[in-house]
Every structure is written in C-alpha cells, then in structure tokens.
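Residue numbers (full-length UniProt numbering), protein chains in the order written: chain B, 1 to 404; chain Z, 1 to 404; chain V, 1 to 404; chain P, 1 to 404.
Worth flagging that the hints you see were computed from the coordinates, not collected in a lab.
Take the hints with a grain of salt, since some may be wrong.
Mimicking SDA-like on lysine to any residue, the simulated pairs with C-alpha atoms at most 20 angstroms apart in a straight line are [unchecked claim]:
#	chain 1	residue 1	chain 2	residue 2
1	B	Lys-243	P	Glu-286
2	P	Lys-252	P	Glu-286
3	V	Lys-243	Z	Pro-168
Have a look at the derived ranges for each label pair, beta carbon to beta carbon [claimed, not checked]:
#	chain 1	residue 1	chain 2	residue 2	range
4	B	Glu-273	V	Phe-379	32 to 38 angstroms
5	Z	Val-324	P	Tyr-137	47 to 53 angstroms
6	Z	Thr-292	V	Asp-88	39 to 45 angstroms
7	P	Ala-317	B	Lys-252	22 to 28 angstroms
8	B	Asp-315	V	Pro-386	37 to 43 angstroms
A virtual CB, placed ideally from N, CA and C, is assigned to each residue, including glycine.
Number of protein chains: 4
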Amino acid sequence: MTIDLDALYIDLHRHPELSFQETRTAGVITRELDALGLEFEEGVGRTGVVTVIRNGSGPVVWLRADTDGLPVEEQTGLAYASTARGVDPAGTDVPVMHACGHDMHVTALLGALEKLQATREEWSGTVVAVFQPAEEYGAGAQAMIADGVLDRYPRPDIVLGQHLTPLPAGTIGVRPGTQMAASDGLTVRLLGRGGHGSRPHSTIDPVVMAAATVMRLQTVVSREIDPREMAVVTVGSIHAGLKNNIIPAEAKLELSLRYPDDDARADVLARVERIVRAEAAASGAEEEPVITTDHTLPPTINDPAATAKLTAAFDRAFGDGTVVDPGMFTGSEDVSWFAREAGVPLVYWFWGGVDPQQYADAVAAGTVARDIPTNHSPFFAPILHPTIERGVDALTVAAREFLA
Amino acid sequence: MTIDLDALYIDLHRHPELSFQETRTAGVITRELDALGLEFEEGVGRTGVVTVIRNGSGPVVWLRADTDGLPVEEQTGLAYASTARGVDPAGTDVPVMHACGHDMHVTALLGALEKLQATREEWSGTVVAVFQPAEEYGAGAQAMIADGVLDRYPRPDIVLGQHLTPLPAGTIGVRPGTQMAASDGLTVRLLGRGGHGSRPHSTIDPVVMAAATVMRLQTVVSREIDPREMAVVTVGSIHAGLKNNIIPAEAKLELSLRYPDDDARADVLARVERIVRAEAAASGAEEEPVITTDHTLPPTINDPAATAKLTAAFDRAFGDGTVVDPGMFTGSEDVSWFAREAGVPLVYWFWGGVDPQQYADAVAAGTVARDIPTNHSPFFAPILHPTIERGVDALTVAAREFLA
Amino acid sequence: MTIDLDALYIDLHRHPELSFQETRTAGVITRELDALGLEFEEGVGRTGVVTVIRNGSGPVVWLRADTDGLPVEEQTGLAYASTARGVDPAGTDVPVMHACGHDMHVTALLGALEKLQATREEWSGTVVAVFQPAEEYGAGAQAMIADGVLDRYPRPDIVLGQHLTPLPAGTIGVRPGTQMAASDGLTVRLLGRGGHGSRPHSTIDPVVMAAATVMRLQTVVSREIDPREMAVVTVGSIHAGLKNNIIPAEAKLELSLRYPDDDARADVLARVERIVRAEAAASGAEEEPVITTDHTLPPTINDPAATAKLTAAFDRAFGDGTVVDPGMFTGSEDVSWFAREAGVPLVYWFWGGVDPQQYADAVAAGTVARDIPTNHSPFFAPILHPTIERGVDALTVAAREFLA
Amino acid sequence: MTIDLDALYIDLHRHPELSFQETRTAGVITRELDALGLEFEEGVGRTGVVTVIRNGSGPVVWLRADTDGLPVEEQTGLAYASTARGVDPAGTDVPVMHACGHDMHVTALLGALEKLQATREEWSGTVVAVFQPAEEYGAGAQAMIADGVLDRYPRPDIVLGQHLTPLPAGTIGVRPGTQMAASDGLTVRLLGRGGHGSRPHSTIDPVVMAAATVMRLQTVVSREIDPREMAVVTVGSIHAGLKNNIIPAEAKLELSLRYPDDDARADVLARVERIVRAEAAASGAEEEPVITTDHTLPPTINDPAATAKLTAAFDRAFGDGTVVDPGMFTGSEDVSWFAREAGVPLVYWFWGGVDPQQYADAVAAGTVARDIPTNHSPFFAPILHPTIERGVDALTVAAREFLA
C-alpha cells in the first residue's frame with residue numbers, strides 16, 4: 001500500500017478534534033488523497049472532504065466515513081493515547097478523544113480508496129468518498145447536504161458506511177431493516193405563574209406541572225406502544241427555580257425520543273405533545289407549553305435487498321460466520337440523511353475491533369458488559385489488526401458489489 | 001314533666017331505625033305530642049313529623065331534631081344497648097344503632113316542647129318543631145322541603161338546632177360563621193377503551209387514567225387552596241376492571257369534597273372538573289368523563305348576630321364558661337337547607353354528653369382521642385344526666401331568646 | 001375417513017363448555033376414539049382425555065389439543081352458532097362460545113389420530129394424544145400434570161400442538177424461540193387505615209397509595225426494561241372503597257405481567273415487588289402489602305432445531321410459502337408445562353382459518369384490524385375448508401417428522 | 001424630637017443595603033444614638049447594632065428592628081426612590097430597595113428610643129434596642145445570638161417587635177398564638193445512576209425519581225395534615241441533567257416547608273423524609289437521598305397573656321378599633337430566635353402604612369389584591385404620616401406596658 005495505515009490511524013488517534021473543528025483531520029485526509037492522485041474538495045459542510053473516483057459508466061456508490069472525536073479524557077494507557085484538548089460550543093476547555101472509532105473509519109476509507117484506485121480495471125462506475133464532520137452533534141450530514149453535496153457530486157445509487165463496534169475483530173454485524181433508531185431532541189417549556197413559596201394558591205406551580213408531565217410521559221412507552229416495538233421517551237433534563245421559597249414561573253424539560261421508523265416517530269411525537277398540553281391544562285396554565293425540536297435523526301434503515309446482497313458478498317469474501325445479526329441499536333446516526341435525501345438505498349454495518357481471545361474469555365466469564373469497553377468509553381481501544389484490514393476490505397468488497 | 005324523658009331516651013336508643021325508615025320513631029314522637037295536647041302531621045318528607053305551637057303574634061322559631069340511626073353494631077355494653085337490625089338500600093340486613101345521638105336530639109326537643117307549652121304565658125310567637133328523617137343520607141331536609149314544609153307551616157324567622165358531641169356534659173360549643181363544612185359527593189366516570197391485558201397499545205387504559213387523576217387531584221388542596229383555608233378532596237372509592245388480564249373500558253371514582261363556604265365550593269368544584277377533564281385528555285380519551293353530583297350539603301353557617309345573642313343567653317342561663325368555641329368541624333349537616341331556602345338566620349350548636357370527670361381525666365392523660373368515643377363509634381354512649389336536661393334547657397333558652 | 005370431521009366440528013361448535021366443565025366434549029371425543037378402536041382414559045386433570053397409539057419402538061410424540069370454550073355470546077350469525085349457556089366460577093349464568101377455536105383443535109387432533117392409525121405401517125414409535133381442559137384459565141395443563149399425566153403415560157420426547165389464528169386458511173405461522181409470552185397474574189392488597197372522608201389525616205389513604213403505585217409501575221416498562229425487549233405490566237383491575245365519604249382501609253390491584261422468558265420474569269417480578277413495597281412505605285403504611293400469584297404461564301418457546309426441522313417438513317408437504325413468521329405473540333398459553341416438566345422440546349404453531357380472498361381484500365384495503373375477527377371475538381368464525389384439512393395434515397406431518 | 005424622623009426615613013429609603021452589608025445603615029443608626037446620648041455597640045452579628053437604656057430596677061424589655069433591604073428594583077416613582085445597587089452573595093450586581101419596610105422599622109425604633117429616653121422618670125427597668133441585620137436571609141438573629149447578644153447584654157423578660165404591612169395607616173394587627181409560620185428550607189439530593197438517553201434500562205433515572213417524589217410530596221398537605229391546619233410543602237426548585245440524550249446521575253430539589261408550630265414542624269419533616277426515602281427506594285436507588293436543612297425559622301408565636309395585655313394597652317392609647325386580627329401569615333420571621341433562646345414571651349405585631357382613603361376605596365371596589373402593593377413589591381410605598389408616628393407610639397406604648 002502507498003498509505004501506511006497503521007501510522008495513519010495512530011496519528012489520527014493522537015490528534016482527535018471536536019465536531020466542526022476537524023481541520024487538522026481534513027488536512028491529513030487531503031494529504032493522503034493527494035498521495036493517491038485523487039482530486040478532492042475541502043470545507044464541504046464546514047469541515048468535510050469529498051473525493052470522486054470516476055471510472056467509466058456504471059453505478060454511483062457513496063462511501064461515507066465520519067471524522068470527529070468526543071469530549072472524553074482518554075484512559076486507555078496506550079502509547080499513542082490522546083492528550084488533546086479542545087474548546088466546546090459553550091466555550092469550555094475539554095479533553096478530546098477518538099472514543100467512538102471515527103479515526104478507524106477514516107483510516108479504513110482511505111485504505112479502501114487506495115484499493116479501489118489500484119483495481120480500476122476490475123470495475124466500472126463512480127465512487128464518491130464522503131468524509132463527514134460533526135456526526136456526534138447529529139449535524140454534519142445535514143450541513144454537507146445544505147452545502148450542496150448531493151448536487152455538486154454524482155448523486156448516489158447507493159450509500160454505504162460502516163461503524164466500529166465492540167464485537168470481536170474480524171466480525172461484521174448487519175441486519176436488514178432498522179439498524180439504528182430514529183431520534184428527536186425536544187425542549188418543552190412549561191409556563192406557570194410564579195410567587196412566594198408560602199403562597200402556592202397565588203401561583204400556577206410549574207414544578208408540579210413538570211413532575212406530573214414526567215410521570216405521564218412514562219405511559220407513552222408503558223401503555224401506548226406495542227410492547228414488541230422499540231420506543232424510548234427520556235426526559236434527560238429538568239430545570240426550574242432558583243431557591244426553595246420562590247415558586248418559579250416556568251419549568252424546562254429536555255426530551256430524547258427514540259423510534260424504529262418514521263411512522264413511529266410521528267405517532268410518538270403526537271402522543272408526547274398530547275400529554276404535555278393536557279398536563280399544562282390540568283395545572284390550569286394560562287399559556288400553552290412551548291415545544292421546540294432541537295434535532296431530528298432519521299432511523300438508519302438498511303435496504304433489505306441490498307443488505308442480503310452485501311451479506312452474501314461478505315460471506316464469500318470472509319467466510320461463513322463472519323456476518324452476525326447485532327440486533328437493532330437504540331442509538332442513532334446521521335448517515336441516513338444522504339440516502340433519504342437522494343431517495344436511494346443505504347447499507348450501514350458494524351465491524352468489530354476487540355481482541356477475539358479477550359472477547360471469548362469475557363463471554364465465557366459472563367463479563368462482557370464489564371470488561372469490554374463500548375463506544376464513548378474512555379477505555380475504548382480497538383486492536384489494530386485485523387481491525388484495519390477488515391475495515392478496508394469490507395468497504396472495498398461492498399463498493400465492488402454495487403459497482404459494475 | 002309529663003314526659004318521662006329518661007324512659008323516652010332509653011326506648012328510642014333501644015329501637016334505632018335507618019334513614020327514611022323511622023316509622024316506629026315517628027310513632028313514639030306523635031304519642032308524646034298527643035300527650036302534650038299538640039297537633040302534628042306525620043309523613044312529612046316520607047317519615048318526618050311536624051308540630052306547631054301557635055301563641056299569639058311574634059316571631060316564628062323553628063326547632064329541628066333529626067331522628068335516624070346508623071348501620072353500626074352497638075358495642076357499648078349498656079343495659080339498653082340496641083340489638084336492632086334493618087335492611088339498607090342495597091337490600092342488606094345490617095345492625096342498627098343510634099351512634100350519632102339523634103335519640104338524644106328527639107328527647108331534648110320533646111322536653112323543650114313541653115317546657116315551652118308549660119310557659120306559654122311567658123312568651124308570644126310561634127314555635128315549629130321539625131322532626132327530620134334521613135340526616136345521615138344528607139337527604140331528609142330536602143325531602144321535607146320538597147314536601148312543602150316551608151309553605152305548609154309558618155315560615156321561620158330563625159332556624160335553631162343542636163347536636164350531641166363528645167364534649168363534657170354541661171358544655172355547649174358554638175361559633176359564629178362556619179360551624180360545619182359544606183360538602184359535595186361526586187361520581188366521576190372515566191371512559192377509556194378496553195382490551196386484552198397483553199395489548200395495552202390497543203386500549204385507552206382507564207386504570208392509569210384514574211390513577212393519574214387521583215394523583216393530580218391532590219394538588220387542589222396542596223397547591224391551589226390558601227393553606228389557611230379548609231378544603232378536602234377525598235377519593236373515597238375507585239373501581240375498575242374484573243380481572244388482571246383484561247383492561248377495562250372505564251373507571252369510576254367517588255369523591256367527597258369539603259369546604260367552608262359556597263365560594264370555596266364553586267372554586268374547588270371548578271378545579272376538580274378542570275383536572276378530571278385534562279387527565280382524560282392526557283390519556284387521549286375519546287369520550288369526555290361523566291361527572292355527576294350525588295349530593296350537596298351546604299355549609300352550616302351560624303349567623304354572627306344571632307350566635308352572639310344566643311351565646312350571651314346561654315352564659316346568663318348556664319353560667320360563664322359553659323359556651324366554648326369548638327372550632328369548625330369538617331363534617332357536614334343538612335339542617336342548613338331549611339334556613340337557606342327560607343333566607344333566614346341559622347344557629348346550630350353542639351352540646352356535650354361525656355362524663356365530665358372521665359373527660360378531665362382523659363385530657364390530663366392526653367388520651368382524649370383514644371378514650372372518648374366520637375359520633376358514629378360503636379362505643380358512643382352519652383351519660384343521661386345532665387345531658388338530657390342541658391339539651392332541653394338549651395333548646396328552651398334558645399327558642400325563648402328569639403321569641404317575643 | 002371414519003370420522004365425519006365437518007359434522008364433528010359443527011357439533012362441538014354448537015355445544016361449547018366452560019373450563020373444567022368439558023364433560024359433553026369429553027364424551028364426543030371418547031365416542032370417536034372408540035370408533036377408531038383406541039383406548040383412552042377420561043377425567044385426567046378433572047375433564048381431560050388421554051389416548052395412546054403404541055406402534056413399536058421409537059420416539060414418543062405428544063399431540064395436544066385444548067377443549068374449552070369462553071363466556072362470550074356468539075354473534076357470527078352462523079347456522080350452527082352456539083346458543084349455549086353455562087355457570088361461571090362466580091355462579092353467574094353466562095353465554096358460552098367456542099370463540100378461540102378449541103373446537104377446531106379437537107377436530108384436527110381426532111382427524112390426525114385417524115390418519116396416524118391408518119398409516120401405522122409407515123411409522124414406528126408412540127403417539128400420546130392429550131385433550132386438555134381449561135386452557136382459558138391457564139390451569140388445565142397443570143391439573144393434568146398434578147394428576148400424573150407425565151407418569152401414567154409414556155413420557156414425551158417432544159410435545160407438539162397447534163392453535164387456530166386469523167391468518168389465511170392454508171397458512172402456517174411458526175417461529176423458533178419465544179412464540180408466546182410468559183405471564184403471571186398477581187393480586188396486590190395495599191393496606192392502609194380507613195376513616196371518615198372529611199378527616200384524611202386520621203387515615204392512611206389506600207386510594208392514593210394505589211394510584212401512586214399504578215403510576216410508578218409504569219416505569220418498569222418505560223425505564224427499566226431494555227426498549228428492545230417485550231414486557232407488559234398491566235393493572236387490569238383496581239378496587240377500593242364503598243362510598244365517597246368513607247376512606248377505605250385497603251385497596252386491591254390485579255396485575256397481568258408479560259415477558260419473553262424466565263429471566264425476564266424474575267427480573268420484572270422483582271421490580272414490581274420493589275415498587276409496591278416502596279409505595280406502601282411512601283404512604284406510611286403500617287402493614288406490608290400482600291402480593292399473591294394467581295397464576296403463572298411459562299413462555300411458549302419453540303425449540304430452534306425442532307422448529308427448523310418441522311418448518312422444512314411443512315414446506316415439503318404444503319409447498320414453499322406456506323410457513324410464515326407470525327412474530328411473537330404477547331398472549332400466553334399453558335401447553336409449555338408439559339414440555340418443561342418433561343424437559344423435552346416443544347413446537348407450537350398457528351394455522352389460519354380465514355377465507356384467503358377475504359384476507360387479501362382486507363390487506364389491500366388496509367382493514368385487517370377492523371374486518372378480520374380475532375380469537376375471543378364474538379364474530380370469530382373460521383371457514384371449514386381447507387382449515388380442517390390443513391389442521392389434520394399439519395399435526396400428522398409434524399408427528400410423522402418426529403416419529404421413526 | 002431631636003431626631004428628624006421624616007428625613008431619617010427618607011435617607012434610609014434612598015440608601016437600602018443588602019443583608020449583612022448594612023454598614024451605611026449602621027452608621028446612620030449610631031449617629032442618631034450618639035445624638036440621643038446613648039452608648040451602643042456596632043458589628044454585633046456582623047452588621048448589627050445594640051444599645052441599652054438602663055433606668056433602675058425592673059423588667060428588661062427588648063425592642064427589635066431589622067435593617068436590611070432587598071434585591072428589588074424600585075418602581076414607586078417617589079422623589080426619594082432608591083437607585084441603589086449591591087452585589088449579592090452570588091457576586092451579581094443587583095438593584096436594591098427597602099421593599100419590605102425595614103427603613104420604617106429602624107425609624108420607628110429610633111423615635112421610640114428618643115421618647116423613652118425623654119420619659120425616663122415615668123418608668124423603670126431596662127430597654128435593649130436590637131437593630132438586627134439580614135432578616136431577609138433568615139440569618140441575622142442567629143448571627144447576633146452566636147455573637148453573644150443574649151449574654152453580653154441584659155437578658156430580656158420579653159421581646160417586642162413590629163412589622164410594616166399593607167393595612168390602613170393607623171391600624172395595628174396582632175393575634176395571640178401563631179402570628180407567622182415556622183419554616184424550613186431543605187435541599188434534597190436524589191442519587192440515581194446516569195447513562196445514555198437511549199438506554200434507560202442501564203440507568204436509575206433521577207428525573208423520574210424526582211418527579212415521583214414531587215407528586216408524592218403533595219399528599220403530605222392533601223392527606224396527612226388536618227385540613228383545618230396550615231401547612232405548606234413547596235418544591236421551589238428542581239434541577240437535573242445537562243442535555244436531552246444523557247440521563248443524569250442525580251437530581252436536586254429545594255423545598256420550602258411552612259407550619260404553625262414546632263409540633264407540626266417535626267411532624268411534617270418526618271413525613272417529607274419518609275416520602276423522599278421511599279421514592280428513592282421505589283426507583284431502586286443504590287444510595288440514600290441526602291437531605292440537608294438550609295435554614296430553620298421558628299414560628300412567630302405571640303404569648304397569649306402578653307398579647308392580651310398589649311392589645312388592651314393599644315386600645316387605651318389609640319382608641320377601640322385600632323387593633324384588628326390580621327390572621328396568621330404563612331410567611332416567616334427570625335425575630336423569634338431571641339425569645340426562644342432566652343425562654344421568654346414574644347409579641348410581634350403589624351402596623352399599617354397605606355393611605356386609609358385609598359384602602360377604603362380598594363375595599364369598596366374589591367380591588368385590594370390588585371391595587372394595594374404588598375411587601376416585596378417594587379411598588380411598596382408606605383405613606384409617612386401617620387405611619388411613622390403610629391410606629392413610634394406603638395413601640396413606646398408596648399415598652400412602657402412591660403416596664404415598671
């Protein structure tokens with residue numbers, strides 16, 4: 001290989017950057033693209049990079065990798081552990097770590113581009129590689145789309161992507177249908193009337209209004225959704241009041257909602273809004289609650305036909321048993337925006353980065369949950385081999401399967 | 001006296017009757033009225049009795065005693081304890097006891113009528129004695145009014161009444177303003193949609209709707225009423241469902257509400273209705289809840305001027321210190337209907353029936369709550385003397401105070 | 001065939017019997033077994049029937065059909081609709097209907113026995129046919145086991161059974177793993193202290209205790225169970241109090257819990273008990289709540305290997321596409337007790353009874369939920385053909401697959 | 001008078017100071033004490049001032065005035081309105097106003113000292129004047145006691161004080177028994193376990209724990225306290241969480257509790273703690289909640305005998321009808337600490353500062369609540385006359401009543 005993927009990965013790992021600040025990372029990517037003789041564009045969606053390999057007629061396959069790190073202080077003890085720091089949107093100085101494996105995503109995509117470039121005579125069509133920023137904010141894909149990425153480059157016939165996960169290295173996890181949940185973040189302002197803590201009857205107490213709302217919201221999942229379906233209604237934050245003896249005028253709730261698909265989204269959102277408005281009415285609120293949507297992440301839905309085709313290709317390439325069904329994840333991703341906006345299929349799979357022996361021992365001891373660090377953990381530390389090779393090959397095999 | 005009041009009281013105590021079944025009691029009353037040479041009418045408001053003493057020009061004073069017993073099994077161990085039984089409105093055979101002292105009320109009123117009759121030359125005006133049934137159902141006064149009691153007899157210039165209470169015998173308790181609370185009994189039907197217990201999402205669960213409503217109703221008293229005001233919102237019964245694995249179609253709540261006056265009634269009723277309707281809406285109910293009023297008892301409000309006048313009269317008649325302020329009772333009475341319908345003042349007082357030494361000992365020992373049986377207790381057992389005398393005299397003094 | 005299956009089904013349908021009262025049904029079954037020359041035993045588990053076909057060495061296959069009807073008033077309008085009535089355990093006279101298809105279960109098993117008897121030369125081993133009563137009470141299987149059914153007859157190597165369902169006639173639905181949920185029915189007595197509705201402070205209000213408990217129980221499903229797992233916590237009934245102005249001394253809740261497996265059962269039961277006890281403590285209850293288990297239904301878990309084997313056999317016998325994955329049902333069954341107690345595999349499948357054209361039309365119109373009556377509906381009316389044939393053949397094919 | 005009370009009041013009103021920052025105010029006070037020839041001590045309890053008039057043998061009477069202003073922006077439009085600013089304990093620059101009338105309290109006490117000094121020959125005994133800081137924080141009285149005020153000066157035989165209130169100027173409001181409520185401020189930390197918003201089952205959700213606790217706390221007042229008694233349980237602030245998709249590890253509640261006396265305090269505190277602990281248990285919390293008391297204000301209980309004596313003295317001095325029963329206030333005061341610590345009687349009364357004609361008009365129009373600004377309002381603006389005179393005279397009459 002032209003690119004030294006081990007060195008590349010270690011360099012990226014040492015130098016993680018927060019969302020929409022991935023400028024050094026973009027520089028590393030473009031340096032390697034340059035070395036591969038590929039043209040590219042920087043600054044797509046603020047800090048994204050796009051490159052295109054045009055190779056005759058045939059389908060257009062998009063390969064996507066996300067590039068940002070997280071405000072986590074690395075505790076892996078690795079020789080190449082991050083000591084980087086950054087400034088978050090609130091202006092706070094924070095440690096930064098590639099705790100979600102996006103450094104491996106970038107490494108694998110660059111490796112795959114080299115392989116595809118080296119085998120141009122074996123396939124025809126167009127490969128678009130999308131290095132997307134700010135996945136951790138759920139904002140990067142939409143930023144690239146707003147910046148015209150779907151119009152300025154060949155539109156995809158399929159969008160492919162992959163995510164590192166705590167499965168044994170070598171293993172690939174993918175399922176048809178919903179692979180990751182949809183999610184909305186809502187802010188709810190409940191408007192009461194403030195007053196002295198000793199005179200509740202002169203107020204409309206927003207603390208009680210908020211408490212009753214939180215309790216009632218539990219019934220969406222417990223009573224209103226088919227018990228066999230996945231749905232989550234989390235109130236992640238609740239804030240009202242300054243001191244004990246003043247009843248405040250309002251309360252603020254922040255909700256995170258999760259669902260398997262768009263129908264469930266519409267359904268759950270309607271139920272949440274119904275409850276919020278009714279609980280304000282139960283308090284005799286004089287003003288309607290204010291509900292705003294802070295972000296919307298679509299479900300990550302794998303096209304069944306394309307997933308079946310790809311699974312078969314992985315089995316052929318890597319041997320039977322390589323591909324497992326990892327189940328649906330209740331976490332969310334923004335990769336889907338590319339496929340949804342373009343109206344084309346998506347396949348998004350997971351690949352393992354854990355030492356297989358360590359994994360097998362943990363399974364035998366029943367200590368997987370304790371001993372195998374997951375994404376976002378300060379101990380998240382994929383082994384380099386065969387993780388890098390499998391990531392490169394999975395992307396290459398997948399791209400080739402959908403090119404001519 | 002013509003009437004043997006001790007024997008009369010013991011006879012009544014031995015033979016209590018349930019509400020609207022006071023026929024033997026009416027027979028006893030009319031036998032004594034006959035003996036006093038007074039004309040009377042039976043069957044007023046089903047089982048009530050009314051007699052009138054006309055004695056020249058002057059004010060019309062109504063004296064009211066209620067006549068019914070309670071479905072309580074007497075455990076006083078008295079020689080003249082009740083062993084009576086009756087059939088309640090549900091058709092159940094139940095024990096019956098004068099556990100609220102209405103036997104003493106009747107005895108005192110008959111004694112007072114004899115005294116007033118014997119002293120006709122000392123006063124002028126009209127005395128109407130009302131032996132009212134079914135106070136325990138909160139229905140007897142309204143039944144008599146519906147039967148025309150206010151039109152068929154001289155309309156009152158004032159309504160007077162008294163109730164036995166566990167104060168020391170000899171003591172009278174009365175206060176101006178609200179003496180006993182107003183009360184409403186409501187039935188609330190919460191309408192959901194039934195279904196199988198394993199499929200809550202196909203239902204609108206009325207059990208959860210009812211539970212949320214009960215919890216929210218707590219906030220009327222805890223947050224919406226001035227902490228210095230008396231208000232009670234009790235859900236005395238809740239019923240829904242037949243078995244564990246069927247979600248029923250509706251739930252029924254029965255509420256008892258208490259307030260000091262009519263303004264508070266309107267206010268609390270509006271708050272309760274607001275919450276019930278909003279909680280149904282929070283459940284997504286397809287039908288509005290059905291709220292019905294089962295009974296309404298007005299506040300027992302003592303006219304301040306008349307109460308002051310009467311308190312002074314009691315002090316003169318019985319000595320300073322006889323009259324105490326017993327505080328407001330959260331229990332309710334239907335005597336007020338007579339005064340409210342007629343638009344005239346009411347004074348309703350309490351008089352004690354407990355052995356004074358026993359009471360003093362209990363106070364000293366701090367065991368009043370434990371040792372002194374209250375109204376409706378199976379151990380409620382007033383001493384005969386001076387309870388009877390004080391009851392007779394209090395009514396006589398009071399009537400004379402407001403007659404010419 | 002010796003047996004006229006159409007006439008048999010219609011006769012059973014006309015004469016449904018309530019659980020543990022299936023004596024006429026047992027008579028019909030034994031008459032047909034007699035006609036087939038099979039020996040049998042009646043009264044196993046009160047009203048069950050067992051017969052055995054011994055046919056040389058080989059595996060022992062149990063075939064189970066349940067026999068009871070439901071207290072539902074038939075509204076199908078069929079010529080052979082039930083007009084039967086019965087007396088339920090509470091002593092109430094109720095209508096009775098085969099609204100769950102157990103008449104078809106019995107018909108198919110008798111037909112299968114005739115086929116197996118007629119083809120004895122083609123297989124060897126032992127068939128035990130179990131006509132189980134009282135499935136609707138979740139009590140019949142355990143009654144038969146308590147009566148020694150596993151000891152008095154050849155112990156199974158596998159247990160097989162089938163249930164009629166609103167799929168198109170001809171279709172078979174089965175899945176490996178959990179096919180139907182486990183379930184427990186609990187009664188919870190919450191002990192407070194009663195008193196007058198106007199004096200809540202002298203009581204420990206069990207209505208509020210119950211309401212708070214119901215609201216808190218919602219959080220088991222909404223917060224404590226993996227959103228991807230099935231769990232149901234239904235409070236199907238809540239009862240406390242006699243009238244609005246008396247605060248009762250206790251409240252009774254009846255809960256129906258559902259889970260996919262035994263681990264989830266233990267987990268959910270522990271969480272429910274934790275909440276019930278803590279909410280009683282929050283009320284300051286002086287006595288612990290009393291929690292009793294009314295019934296326990298295990299999960300209906302299909303052995304994966306046996307299910308795969310059987311699915312292949314159905315495909316061969318009936319053509320590809322006959323077998324569909326119907327998903328897990330949140331309803332429950334007691335058939336598993338036989339396999340669990342014996343420690344052997346179970347396969348339990350569903351077969352369709354709906355006119356295929358009607359079903360296709362409803363699917364096209366999006367009106368399946370409205371137009372296709374489900375089990376327990378008063379309109380549940382399977383078509384006779386090919387429902388009977390497919391039921392007979394499915395049992396026969398299945399039995400033969402596991403016999404030698 | 002030596003002191004120009006109008007000018008003094010206006011000067012104080014123009015220059016309010018926040019709690020424990022009353023240094024300019026202390027300077028004004030000591031300047032006037034100096035002018036009266038009285039010795040004094042500054043810095044008692046940080047910013048308090050104490051002076052003593054020793055005048056032969058006889059009772060020791062303490063007269064107390066509080067001195068601090070509030071962080072309120074004055075909107076009275078008065079020529080002498082405050083434009084002062086201060087820095088609050090959080091370091092924030094805030095407007096400051098004498099919105100509670102403490103400027104009038106100081107003025108009246110200085111005027112009374114002059115009068116008492118001028119009439120030394122008419123009385124004997126000792127007057128101790130206490131200018132207390134930081135009443136608004138509920139901390140000044142305890143700070144002075146901690147600084148030895150009860151030991152370094154003649155111990156009181158009685159403690160007297162007065163508060164300006166929106167009654168008509170000239171009127172005095174006082175009642176025997178509880179005049180102002182007791183109060184505690186509590187902080188409750190509810191400890192759960194944090195995690196990702198999409199994985200509630202891996203957490204112990206403190207937001208739900210807090211909401212359930214708030215709802216349950218409502219039942220203390222609604223169910224557990226005699227409806228005729230005053231009690232308030234306010235949750236004035238609730239805080240948990242940073243963003244919608246992270247379930248936080250803990251929640252914080254701040255409670256303000258109010259009661260009429262110490263028995264009720266102990267009772268309500270025990271109930272609140274019981275509920276907080278049980279709701280944490282209902283959530284399966286692994287750590288006990290942490291409950292801390294931020295401040296404790298005793299009930300302001302007027303000694304009945306002393307209050308009767310004082311009421312009679314006021315009637316004699318100012319004419320019948322001057323003294324009204326203002327009812328109990330649910331607000332709280334720290335003046336009681338002096339009397340409680342010393343074990344002597346307290347009388348604390350209110351005096352009016354509203355233009356009587358304006359007040360009468362508002363009563364007639366039913367607009368008192370809207371038109372008469374209350375304490376802590378930015379529009380609170382007592383008229384100078386006869387407010388100052390009545391304040392001076394009330395203190396003087398009261399002191400004389402309890403001196404020899």
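Structure-based check of each hint:
| no. | hint | verdict |
| --- | --- | --- |
| 1 | B:Lys-243 x P:Glu-286 | violated (27 angstroms) |
| 2 | P:Lys-252 x P:Glu-286 | holds (16 angstroms) |
| 3 | V:Lys-243 x Z:Pro-168 | violated (32 angstroms) |
| 4 | B:Glu-273 x V:Phe-379: 32 to 38 angstroms | holds (35 angstroms) |
| 5 | Z:Val-324 x P:Tyr-137: 47 to 53 angstroms | violated (42 angstroms) |
| 6 | Z:Thr-292 x V:Asp-88: 39 to 45 angstroms | violated (31 angstroms) |
| 7 | P:Ala-317 x B:Lys-252: 22 to 28 angstroms | violated (54 angstroms) |
| 8 | B:Asp-315 x V:Pro-386: 37 to 43 angstroms | holds (39 angstroms) |
When held up to the earlier numbered hints, the structure conflicts with 1, 3, 5, 6 and 7 and fits the remainder.
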